[in-house]
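J.: Sequence:
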Amino acid sequence: MAVAKKKEGEENGAEAPSLWERMERPAPAPRTSLTLERIAAAAVEIADEEGGAAVTMRRLATKLGVAPMAAYRHVDGKDDLWALMIDRVSRELTVPDGATDWRDVLRSYALQTRELMLAHPWMAVMPTPVIALTPSRMTVAERQLAALAVCGLDADSVMAAFRAVTSFVHGSAQTEIAMREYQERHGWTSGDETRQALAPQMVYLMSTGRYPTYEQYALSASRKDDRAWEFAFGLDCVLDGIAQSLGI
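Its first residue numbered 1, the sequence shown is counted upward by one per residue in the working numbering.
These are computed hints drawn from the structure, not numbers from a lab.
All C-beta atoms in this analysis are idealised placements derived from N, C-alpha and C, irrespective of residue type, glycine included.
Among the clues, some could well be false.
Here are the simulated distance ranges between beta carbons [said to hold, decoys possible]: (1) Pro200 / Glu37: 48 to 56 angstroms; (2) Tyr204 / Glu37: 48 to 56 angstroms; (3) Glu15 / Lys224: 52 to 60 angstroms; (4) Met202 / Asp226: 15 to 23 angstroms; (5) Cys151 / Asp192: 39 to 47 angstroms; (6) Gly209 / Thr189: 30 to 38 angstroms; (7) Ala146 / Glu50: 35 to 43 angstroms; (8) Thr56 / Ala197: 41 to 49 angstroms; (9) Thr56 / Ser220: 18 to 26 angstroms; (10) Asp226 / Met206: 21 to 29 angstroms.
Using the sequences and the hints given, assemble the complete structure.
T.: Structure (structure tokens):
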């Protein structure tokens, strides 16, 4: 029976180094051109072009021109692969060094994160621990937590405020991505086309008289399709609430 090859550090009972520790160590003379960076770049390209579900070890090996088992010498499986992908695209998230006010820092990251998720919609289905625990994501979190901490808040309040903004950002972006994919699946190219297609259901529901406030919105709202405005408005409401509750 074949015995699985031990990863570096597993001998003598020691735990294998983490993915990120291995990535940051000085690289020895390579026996192959395959690296974690190449794997991450290829996986992101596949996901952007074909969707997150298309990223498999076999598909990745084909794109990289290596044997299907070659990538397993570098990553343990799907979680490692997702983490590499998230870390790579999250390097795009930056805030100018001169930005120090907590609200400016959190707002900037929030707006950038929405754009990042829209550009890479596969991010919307990534498990939360994978999204959070990568060097790039930790850098983003650290900058925001530090901006809140200097306001003199206790540690629990700092984390709760940070998570409130993060939850709004990810939830809002996930909803926007889901709607966009729903429209694309049905061939609807605009909000008007979508509303027209769904009109029979809406007309019936409104005719019951049970939803007068929603009906007022449907008849009078002028920014139904302005997702960027809606996101920014909601974000400012969250930030206003944090400022009011914490007195900062």
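J.: Where does the structure disagree with the numbered hints, that is, which hint numbers, in rising order?
T.: 8, 9
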